[in-house]
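Numbering-wise (this note's numbering), the sequence shown opens with residue 1 and increments by one.
Honestly, I wouldn't trust all of these hints.
Claimed, not checked - Quick list of the computed label-pair ranges, beta carbon to beta carbon: (1) G143 with S190: 33 to 43 Å; (2) G47 with S298: 21 to 31 Å; (3) A78 with G47: 32 to 42 Å; (4) S34 with T114: 36 to 46 Å; (5) D294 with A109: 34 to 44 Å; (6) S34 with G67: 31 to 41 Å; (7) G67 with Q295: 38 to 48 Å; (8) N107 with T314: 44 to 54 Å; (9) Q66 with G39: 14 to 24 Å; (10) D76 with D316: 19 to 29 Å; (11) T144 with G47: 42 to 52 Å; (12) G39 with A109: 15 to 25 Å; (13) G47 with S242: 23 to 33 Å; (14) G130 with S298: 23 to 33 Å.
To be verified - Cross-link-like lysine-lysine pairs, in silico, DSS-like; alpha carbons within 30 Å at most: (15) K240 with K171; (16) K240 with K174; (17) K261 with K240.
To be clear, the hints were calculated from the coordinates, so they are not data collected in a lab.
We treat Cβ as the ideally placed atom computed from N, Cα and C, and that holds for glycine.
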Amino acid sequence: MGSLGARLLLLVLGPALVALTVNTSAAAAATPFSIGVAGNHLVNGDGTAIRLLGVNRSGTEYACIQGWGIFDGPNDAASVAAMAAWHINVVRIPLNEDCWLNINGVNAAYAGATYQSAIQAYVNLLHQRGLYAILELHWNAPGTSQATGQQVMPDADHSPAFWTSVATFFKADKAALFELYNEPHDVSWSCWLNGCNTPGWNTAGMQSLVNAVRATGATQPIMVGGLAWSNDLSGWLANKPSDPANALVASFHNYNFNVCKLSCWNSTVATLAAQVPIVTGEIGENDCAHGYIDQYMSWADAHGISYLGWTWDTWDCSNGPALISDYNGTPTAFGVGFRDHLAALATPFRFPWWQRPRNVLPPRAASPAIFPSPLGEGRVGARSSRWYAR
């Protein structure tokens, strides 16, 4: 094309191209990749209600304290892509208090700034795939004891400092959530909220940890697990910590060997879900099958409750729930139920051609980070402590 023709084409198309660029940039700016709380819903950057459906990635709670690494298995872009292929939108990352703070004689090669940078790099990889990240205190210990497992509660010696540091580190990351402690157990609701003395050490109550996070200026949603290994939410609302950001989320864990079954889901969990968002941070079963989680996932779908499978690791599922047999994403007999359920949720329903309604526009594809509600609602609608050191 000659220079005169090119100039004429630019004169004709120029305003449209500028408008397209401005509109695209404005749309991107209007919908940041972020997560917040609105009433009893989690919401994304444009205010659309979302659920978190994803997996746990165990390893970062134990590899460092055992002195041989930071992750168990690959932590590269290919491994994250394999996770994303299961139609998830969140990954929960268990952390070790000693490794993060570089205390109590942990191997310095895997602790402190090295550990922190590795976690940050992994979170960035998740975000690049459109995945949210839950940063969670999994293993801790008081005083000079090493954090080789979880305790009944966070410890007053180090857990507040841990959360001050983590919240400061990720304060600008609006696609992250903070989960104060994995599985509180064998304490009272009063101790859960305010802390108490246990034989030989003092616990840190959930209120003190919320305070530690908010004192940094971080406003991200904070997940708070109930009692009985996060399976008891009966006293959660009555003992809810005060949060100036009004962004607390109840964390629930649900396994086939837990006490809270269907009648409890209906009487306790559903009642709480009408007041605050609930994220089921761990679901699983110890029989290498998926019948129990199938029942719970369907129930949670009907009640707008989030859930994450335990765990994206290649363990023998007879030793505890493991979703995969390799890091390419090949599911175990347990994991296949979880994978297929998420795939079904992510696939818009289509009538058979002979039943297809006329004059109806095709369904719009969902965002990779947003799962459509099965209710059709609109915009607001080594190893784990459990298996080895419980």
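For each hint, the structure was consulted:
Hint check: G143 to S190, Cβ distance near 23 Å, so the stated range 33 to 43 Å is violated. At roughly 27 Å, the beta-carbon separation of G47 and S298 lies within the given 21 to 31 Å, and the hint holds. Taken as a hint, the range 32 to 42 Å holds for the pair A78 and G47, whose Cβ atoms sit roughly 34 Å apart. Taking the beta carbon of each, S34 and T114 are about 28 Å apart, not inside 36 to 46 Å as hinted.
Here the CB-CB span from D294 to A109 is close to 43 Å, well matched to the stated 34 to 44 Å. The supplied range of 31 to 41 Å is met by S34 and G67, whose beta-carbon atoms lie about 37 Å from each other. Distance hint check for G67 and Q295: the Cβ-Cβ separation is about 40 Å, which falls inside the suggested range of 38 to 48 Å. Checked against the hint of 44 to 54 Å, the pair N107 and T314 fails, with Cβ atoms roughly 24 Å apart.
For Q66 paired with G39, a C-beta distance near 42 Å fails the hint of 14 to 24 Å. Taking the beta carbon of each, D76 and D316 are about 24 Å apart, inside 19 to 29 Å as hinted. Distance hint check: the CB atoms of T144 and G47 are about 47 Å apart, consistent with the given range 42 to 52 Å. Between G39 and A109 the Cβ separation comes to about 46 Å, which falls outside the hinted range of 15 to 25 Å.
A hinted range of 23 to 33 Å holds for the C-beta pair G47 and S242, which are about 25 Å apart. Range check, G130 to S298: about 25 Å between beta-carbon atoms, so the 23 to 33 Å window is met. Under the criterion of a C-alpha separation no larger than 30 Å, the hint pairing K240 with K171 is consistent with the structure, at around 23 Å. Using a Cα cut-off of 30 Å, the hinted pair K240 and K174 holds, with the two alpha carbons roughly 23 Å apart.
Distance check on the hinted pair: K261 and K240 sit about 23 Å apart at the alpha-carbon level, within 30 Å; holds.
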